[in-house]
Every structure is written in C-alpha cells, then in structure tokens.
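Turn these sequences into a full structure, and let the hints guide you.
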Amino acid sequence: MATAKMHFQPSRRRRDAAQSRAAALRLLQVTRAADLLPVLLQEVVALGYPRAMVLERNAGSGEMSPIAALNWPVPAKLSNELAGREGAAASVLASNRSAVRQPGVHASDPPLSLHPMLYSRASPCWEARANAENCMAAQNARPGKAGAWKQPCSVCAMAGYAAVVVVELRGRSSETELAALQDLISLANAHLSHLVKIEHYCHRVRVLETALAGRNAGIPVLEEGEQPVHQLPFAPGDVQAERRMLEIEKFASAGRLAATIAHEVNNPMEAIKNAVYLLAGSVPESALPVYSILKSETERVARVVRQMLGLYRDAEPAKAVNVNTLIEDTLLLLNRQMQRANVQVEVELGVLPDAVIAADQIRQVLSNLVINARDAMPDGGRLRIRSRHRICPLQTSSWIRILIADSGAGIPREIIGDIFQPFVSTKGEKGTGLGLWIVKGIIQNHAGKIGVRSRVGQGTVFVIDLPVAKP
Amino acid sequence: MISRAKYRILVVDDEAAVLTTYRMILERQGYEVIACPTSTEALTALEKHCFDGVLCDYSLENRHTGLEVILAARKRDATIPAALLTGYATKETADEASSHNISIMFKPTDIDEFLNTTSRLVRRDS
Chain G
320 MATAKMHFQP SRRRRDAAQS RAAALRLLQV TRAADLLPVL LQEVVALGYP RAMVLERNAG
380 SGEMSPIAAL NWPVPAKLSN ELAGREGAAA SVLASNRSAV RQPGVHASDP PLSLHPMLYS
440 RASPCWEARA NAENCMAAQN ARPGKAGAWK QPCSVCAMAG YAAVVVVELR GRSSETELAA
500 LQDLISLANA HLSHLVKIEH YCHRVRVLET ALAGRNAGIP VLEEGEQPVH QLPFAPGDVQ
560 AERRMLEIEK FASAGRLAAT IAHEVNNPME AIKNAVYLLA GSVPESALPV YSILKSETER
620 VARVVRQMLG LYRDAEPAKA VNVNTLIEDT LLLLNRQMQR ANVQVEVELG VLPDAVIAAD
680 QIRQVLSNLV INARDAMPDG GRLRIRSRHR ICPLQTSSWI RILIADSGAG IPREIIGDIF
740 QPFVSTKGEK GTGLGLWIVK GIIQNHAGKI GVRSRVGQGT VFVIDLPVAK P
Chain A
247 MISRAKYRIL VVDDEAAVLT TYRMILERQG YEVIACPTST EALTALEKHC FDGVLCDYSL
307 ENRHTGLEVI LAARKRDATI PAALLTGYAT KETADEASSH NISIMFKPTD IDEFLNTTSR
367 LVRRDS
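Keeping their order, the protein sequence lines are chains G and A.
Using the working numbering, read the first sequence as starting at 320 and increasing by one per residue.
Using the working numbering, read the second sequence as starting at 247 and increasing by one per residue.
Keep in mind that the hints were calculated from the coordinates and are not lab data.
Where hints are given, some of them may not hold.
To be verified - Quick look at which bits of chain A chain G covers, simulated, 3 or more residues with Cβ under 8 angstroms:
| hint | stretch |
| --- | --- |
| 1 | 268 to 276 |
| 2 | 352 to 363 |
Unchecked claim - Partial list, computed: chain G residues near chain A (C-beta under 8 angstroms):
| hint | residue |
| --- | --- |
| 3 | Ser505 |
| 4 | Ala509 |
| 5 | Asn585 |
| 6 | Val624 |
Claimed, not checked - What follows is a list of derived Cβ distance ranges for each label pair:
| hint | chain 1 | residue 1 | chain 2 | residue 2 | range |
| --- | --- | --- | --- | --- | --- |
| 7 | A | Glu342 | G | Arg732 | 31 to 41 angstroms |
| 8 | A | Glu338 | G | Ser398 | 52 to 62 angstroms |
| 9 | A | His346 | G | Asp354 | 56 to 66 angstroms |
Each residue gets a CB set at the ideal place from its N, CA and C atoms; glycine is no exception.
Structure follows, in structure tokens:
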C-alpha cells in the first residue's frame, strides 16, 4: 500500500474565499464605531494590498481629507485630482460606486481603487418618528442624495458620514480580487452604519433617562455634570448587558408613559383603592350600588396597572412553565383589542411539556407578535396561533414550536431580511422599530430560534422554536 | 407583666394619601401603627420604639430606599419581619430583598393579600 504523503493543496480560490470570510468575521467583531476603520484598513492590507487610507468629506469645503491611514505617510496635501472638490474621491461619493484610478499624471503613480462609504441606515430615528418629523440622517442615507451628507437630524442630532476608502493596488488586480475588496468594504460600511446608529441611540436614551429620572429602575442615571459616554455599552454576546439594553428600550419606547404609570398613576391608584376599601362600612344603603361600581372599576384599573407594570418586573427567575398557559394569558389580555380590530382569533394548542423559561419575557414576545399581527390587518382579518411539541428524530432533544400567523398585508421581500434588525419598522410613525429585535433577543436568550415567512397580499407567519430543557 | 395587646407596625411611604390609608386600614385591623413619611423619621421611630413588623415603600425621599430603613431595623432586631412595597422591582432589587429575607408586595396591592401578608409576617409564619 502506497504510503506516500499526499499534500492537499487547496485551490487558490478556496483559500481566498476562506481569507475573505475570516476578514469579514473579524470586522463584525468590532463593537465600537471608532474602532471600525482601523480594523478595516488592517484587513485590507492583510489581503495583500500595500497600503490604504480613508478620506472623509469636509461638509463645508467639499474637499476630502484623511481620517485614517495604514502604511501611508499622510502627505501634507493630497493631490487635487484625488481629494479636491471635483476630484476622483468626490465623484466616487456622488455616484456611490467604486472606481479604479489608473496611473494618471505620473506614470509611476500606482493604480488606486476607491470605494465609497456612506451612512446607509435608511430608517428614521425613533424620535423623529414619534414626532412625525423627517429624520435628516435617514434622508441623507438615500442614494442620490449628493451634497447633503453630514447634515445632522434636527430631532435627534445624528449625523451620517461620507467617506472614501482608497486602496493602493499592486499592479494589475483581477476583477475577482477587486470584487472581494469591494464586498469587504461594503460589509464594513453596513456594520459601521449599524454601530453608529446604536451608539447614537444609546446616547439619546441616556439623555432621556435623566429627563425621566428613572429612579429605582436599576438603570444608571447620569450624575450632574457627568458626560454621556458615546459608545456601545457592551460586547456582542454579553447576555447580561443585552438584557439591560432591553430594559432601557422598554423604558425608552414606552418612554414617558412607563414613568408616568409607574410613579404618577400607581400611587394615587393605591390611595384611591385603599380609600374605597375603608369606606366599605360607612356607605348608606341607598348609595350601595354606586359604591359597588366605584369598587369594581377601581379594582379593574388596579388590575390593568398591575399587568402593565408586570412587564417591567424582572423578579421572576426562569422556571418550569407551560407555554400554552402563557399563550392563553396573552390572548386573554388582548382579547378586547382583537375584537375591536375585527380580528378573528383561532387557537390550536398541542399538548406541551413544561419548559424552563422566563415567563414574563415570553409573554412579552407573544404580545409583541400578536399586536404586530393586528397592526398588519387594519381592516380586520384572521390570527392563528398554534403550538406543538416537536421531538427530534434521534429523540435526543425536543422543541416547543409556536406559530403566529396573520392574514395581513405581508412583508415585502426587500425588507424581510432586515425585520429583526433594530430600527426597522413597517409602521411608519407608530413603530419604534425595536419590537422584533427585542423579540429575537429574548428568543436567543432562551437558546431558541425565530423565523418568518411571508407573502405580500396573503399574510405572515412567525415561527418560534424553544428548546425544552428538562427542569 | 408587660403584654402588648396589639402588634406594632412601622409603615413608611412618601406619598401622604397612601401612608394615611395604609395606617387606617391597619389600625382598623387591630394593629398599632406608627406611620412615617420619610426615611429620616422612620429611623428616629426605630430608635424610640420596638416593632413587630416593618412595611416600607421602596422609593423614599432624596433617593433613600425602603431597603435602608429595613436594614437599619434589622440592626436592632435581626429577625424583625419586613416587607418592601413597590410598583415594580428589577431583578437586582428582588434578589437583594430575598437575600435579606425581606418580602416584596407589588402595588397596586390587593388589600386582602396586603392584610394576609402583614398578618403572616408579624406572626412570623414562614
């Protein structure tokens, strides 16, 4: 038997693909916007290019100046042809398309490849949406909006960015290589837009928290004179911190309403309820019917407030709960809303084992999705909820599958890939764009999975799978 | 023989109407009640009297918390039954309360529940 060692030579293409994937992964690990460009330049140079730099557009003069560079001693003044108002970089920004600039004036100039990086989150900030205003940052992100970059949103003060990555090529580069470079930079841009948006959001929420004076919420409140730190407060995968982020969102999106209920309504409600109780003995017989109404309606408000505040109570640890009970609770709570919206609710609950979950969080997921479904059917329709116990073929694990299906407008293919991202909403001014992101976060915290299927004009189905962990 | 005819309870809440009505409800139930609107007054009361139980709103004046008051009471009597009253509690607060064996009652309270919990507390029924 031949025992000659066989050398397995991976094809060059496969090696390049693996290299690109690794570079992409490293880029996506970046958690702070300020760190992204340096990492991008490192990855570009690691791909084999001699040097690279990033030029940013000066809003006033229209000229481009370097904000980051690797292996490139930044000259005092870049050539007009490259960085001037009408230069190559500016035209790449205007067209939002990459371009290769061949050796120009001097034959010894190496060819350069230029790639635009424009802030690209087209969804408006939640503040602008809540105030039914236009968010400039989002408008400026739309393609073809030349000249208006870096104009901050008048509501949330967020500015986008407009930059060009300049990469020195070594001799002739193939189409494939240039395409790979382009892809890497596009990925970096998408991620940078995402980070900029989130950092801005965190900053705004901190500003809002001081205004709301979130006492006892366990959320840090800025002290007098303390500067808000404009950075992402956690590393991806940090479950504790993501939960804290979810808490912040809960307060921010309900915003003033939550603080109002918690502090302003709750205490007078308590006093009124107590007073009604204390009056019980002294009510003259003729006044009993009126007293009875006073008592029952007071109890009703108290129940509603308790349920709403219940969403903010993190006191429940994860324990064995039957998901069908949570589904029934949610439908009970939202029953009247569904009736008023002319939504017919069909429920089909299979026999489920108990699962170890955080009941309040799953309740939030269910009510979020049910309300989304109702909003997708403004003229009424049908909501179907099903639950099933799925045992995997090898009998080593089992899952609880929950399906929530509506007969609404459906989600267009262009955005369905994005709906679990933060700040994506189809509700115009009414949505915060964070509901599904939170839902996904909660499901992931349970080591579960969530997916969506939709057909425009027919409806949407959300599918949730929760692993059954034996208690 | 000194026998206290009634259980004495300290109630603390910075909302005047809530404080008054809690006091009236508990007095009607047969408790002797000392009601304090601030944590400072509560600490003074703790020095002057012995209590069979402490009921404290979580959020008090000037960022003081009911937890502070209860822990001060525990310094004098390590096993004194106590409960925090609050509209909502974060996991941190809930964990801290349970680690000190302090009950939590969520507002708006159900009065029967409120009275049952108080009764069990002062009788030291676990």
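Hints versus structure:
1. Check on the stretch 268 to 276 of chain A: 4 of its residues sit with their Cβ under 8 angstroms from a Cβ of chain G, so the three-residue criterion for coverage holds.
2. With 6 residues having a Cβ less than 8 angstroms from any Cβ of chain G, the stretch 352 to 363 of chain A passes the three-residue criterion, so the hint holds.
3. Taking 8 angstroms as the C-beta cut-off, the interface hint given for Ser505 of chain G is violated, the closest approach to chain A being about 40 angstroms.
4. At a threshold of 8 angstroms, the smallest CB-CB gap from Ala509 of chain G to chain A is about 34 angstroms, leaving the interface hint violated.
5. The criterion of a C-beta within 8 angstroms of any C-beta in chain A is met by Asn585 of chain G, whose closest approach is roughly 4 angstroms, and the hint holds.
6. Taking 8 angstroms as the C-beta cut-off, the interface hint given for Val624 of chain G holds, the closest approach to chain A being about 6 angstroms.
7. Distance hint check: the CB atoms of Glu342 of chain A and Arg732 of chain G are about 49 angstroms apart, inconsistent with the given range 31 to 41 angstroms.
8. For the pair Glu338 of chain A and Ser398 of chain G, the supplied restraint of 52 to 62 angstroms holds, since their beta-carbon distance comes to about 58 angstroms.
9. Against the hinted window of 56 to 66 angstroms, the Cβ-Cβ separation of His346 of chain A and Asp354 of chain G comes to about 42 angstroms, which falls outside the hint.
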